[in-house]
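Engineer: Each chain, written out:
Number of protein chains: 2
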Amino acid sequence: MNYKLLKSEIKYHGKVFDHQVDEIQYDSGNIGIREVAVHPGGAVIIPIKEDGKIILVKQFRYPLQKTLIELPAGKLDKNEDPLKCAIRELEEETGYKAKHFEKLGAIYTAPGYCTEILHIYKATGMIPGNHNREEGEQGMELIEFSLDEIKQRILSGEINDAKTIAGIFYLIND
Amino acid sequence: MNYKLLKSEIKYHGKVFDHQVDEIQYDSGNIGIREVAVHPGGAVIIPIKEDGKIILVKQFRYPLQKTLIELPAGKLDKNEDPLKCAIRELEEETGYKAKHFEKLGAIYTAPGYCTEILHIYKATGMIPGNHNREEGEQGMELIEFSLDEIKQRILSGEINDAKTIAGIFYLIND
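If you're matching them up, the sequences are chains A and B in order.
For the first sequence, counting from 1, position 167 maps to 167 in full-length UniProt numbering; every step adds exactly one.
For the second sequence, counting from 1, position 105 maps to 105 in full-length UniProt numbering; every step adds exactly one.
Keep in mind the hints are simulated off the structure, nothing from the lab.
Even glycine gets a Cβ: it sits at the ideal position worked out from N, Cα and C.
Among the clues, some could well be false.
Derived PhoX-like pairs (lysine-lysine); straight-line CA-CA distance at most 25 Å [said to hold, decoys possible]:
no.: 1; chain 1: A; residue 1: K11; chain 2: B; residue 2: K7
no.: 2; chain 1: B; residue 1: K15; chain 2: A; residue 2: K151
no.: 3; chain 1: B; residue 1: K103; chain 2: A; residue 2: K66
no.: 4; chain 1: A; residue 1: K103; chain 2: B; residue 2: K66
no.: 5; chain 1: B; residue 1: K11; chain 2: A; residue 2: K78
no.: 6; chain 1: B; residue 1: K53; chain 2: A; residue 2: K11
no.: 7; chain 1: A; residue 1: K15; chain 2: B; residue 2: K15
no.: 8; chain 1: B; residue 1: K78; chain 2: A; residue 2: K11
no.: 9; chain 1: B; residue 1: K66; chain 2: A; residue 2: K75
no.: 10; chain 1: B; residue 1: K99; chain 2: B; residue 2: K49
no.: 11; chain 1: A; residue 1: K151; chain 2: B; residue 2: K122
no.: 12; chain 1: A; residue 1: K66; chain 2: B; residue 2: K4
no.: 13; chain 1: A; residue 1: K11; chain 2: B; residue 2: K15
no.: 14; chain 1: A; residue 1: K4; chain 2: B; residue 2: K15
no.: 15; chain 1: B; residue 1: K66; chain 2: A; residue 2: K78
no.: 16; chain 1: A; residue 1: K151; chain 2: B; residue 2: K151
no.: 17; chain 1: A; residue 1: K75; chain 2: B; residue 2: K11
Okay, the calculated bits of chain A under chain B, using three or more residues with CB under 8 Å as the criterion [said to hold, decoys possible]:
no.: 18; stretch: 25 to 31
no.: 19; stretch: 47 to 58
no.: 20; stretch: 83 to 96
no.: 21; stretch: 130 to 143
Please work from the sequences and hints to get the whole structure.
Structural biologist: Structure (structure tokens):
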């Protein structure tokens, strides 16, 4: 797309994302507005135990006012290496450490209006420990499902989180 | 999660999404902040031609400053029925009408901070026509791939849009 940036403004500096509004001019001379949620990105972990079970988290999601079943995941700290984030979030949310991490892919969650990219890792060689959840995550529960149980729950609509479905897609074809 | 809502404020009213910040109080008495991108949701279409080829759109995504290959999709108008949105967006972006729509599922793209839900439809019985793209979509191109070609491009990282991967997951298992 050919355009000229006329103006870029952060309308609100958030804790999770900034709300940026840009004014652009197309080649035709017409003016367009582009609205962007500026997000640091994150890491998603597919933790696989020796018995093949995958560890998921069940948690209340405030924006939806619903409890979702998802792969463990979390936001990158500023300029953080995605693998470091995956290691940290896995332990924080589940208590597990993993001996091996393998990157399966990276996805854009909402490319129309958001900069977020999520890096997806398979984690194996699981070592149990204590989680270290933030206060807003205290209600989080761990669930273990086989790959086939997850697949069935995606198809039934019980699991409906985009990053989880993408992660399972990569895993099935890994 | 048990909490009490102390305050809810729209910090910025956007054209695409609103930026809402809520102050909540946990049972412990501690205060938490919840930041929400209030989004109307949307519809995603998997348009399948008689020969089995799937129609995708290649478009420049401003927030990422990158060109992505995605399933056609668009935002719901206020209180719009998702199927109506799917019919409209399919024609607007590709020029095609479809005789049959079948709902395959619905996904949350970013449940940690965004209300967006995307309704995913399989469309068959394609009738070609003229697209009706908005000015910011003029650079959009149509591409046709077989299901296997899409799968390979997801695994190679060339297709990396979450809704597209989720849609293909549903389609493979339909």
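Engineer: State whether the coverage of the stretch 47 to 58 of chain A by chain B holds or is violated, taking the criterion as 3 or more residues with Cβ-Cβ distances under 8 Å.
Structural biologist: violated (count 0)
Engineer: Below or equal to 25 Å on CA atoms is what counts here, so check K103/A against K66/B.
Structural biologist: Since the Cα atoms of K103/A and K66/B sit roughly 22 Å apart, the hinted pair holds (cutoff 25 Å).
Engineer: Count the residues of the stretch 83 to 96 of chain A whose CB lies closer than 8 Å to any CB of chain B, then report whether that count reaches three.
Structural biologist: violated (count 0)
Engineer: Holds or violated: K11/A and K15/B, Cα atoms, limit 25 Å.
Structural biologist: holds (12 Å)
Engineer: Has the given pair, K103/B with K66/A, been kept, meaning a C-alpha gap of at most 25 Å?
Structural biologist: holds (22 Å)
Engineer: For a C-alpha distance cap of 25 Å, please report whether K11/B and K78/A respect it.
Structural biologist: Holds, because 23 Å separates the two Cα atoms, which is no more than 25 Å.
Engineer: Quick one, are K15/A and K15/B close enough, alpha carbons at most 25 Å?
Structural biologist: holds (21 Å)
Engineer: Please work out if K151/A and K122/B have their alpha carbons no farther apart than 25 Å.
Structural biologist: Roughly 19 Å between the alpha carbons, so the hint for K151/A and K122/B holds.
Engineer: Just to be careful, I want the Cα atoms of K99/B and K49/B compared with a cutoff of 25 Å; is the pair within it?
Structural biologist: holds (11 Å)
Engineer: Within 25 Å, alpha carbon to alpha carbon, are K66/A and K4/B?
Structural biologist: holds (16 Å)
Engineer: Compare the distance between the alpha carbons of K11/A and K7/B with 25 Å, and conclude whether the hinted pair is satisfied.
Structural biologist: It holds: about 20 Å lies between the C-alpha atoms, which stays within 25 Å.
Engineer: Okay, the stretch 130 to 143 of chain A and chain B, do three or more residues pass the C-beta test at under 8 Å?
Structural biologist: Holds: 4 residues of the stretch 130 to 143 of chain A have a Cβ under 8 Å from chain B.
Going down the numbered hints, you'll see the structure goes against 2, 6, 19 and 20, while the others check out.
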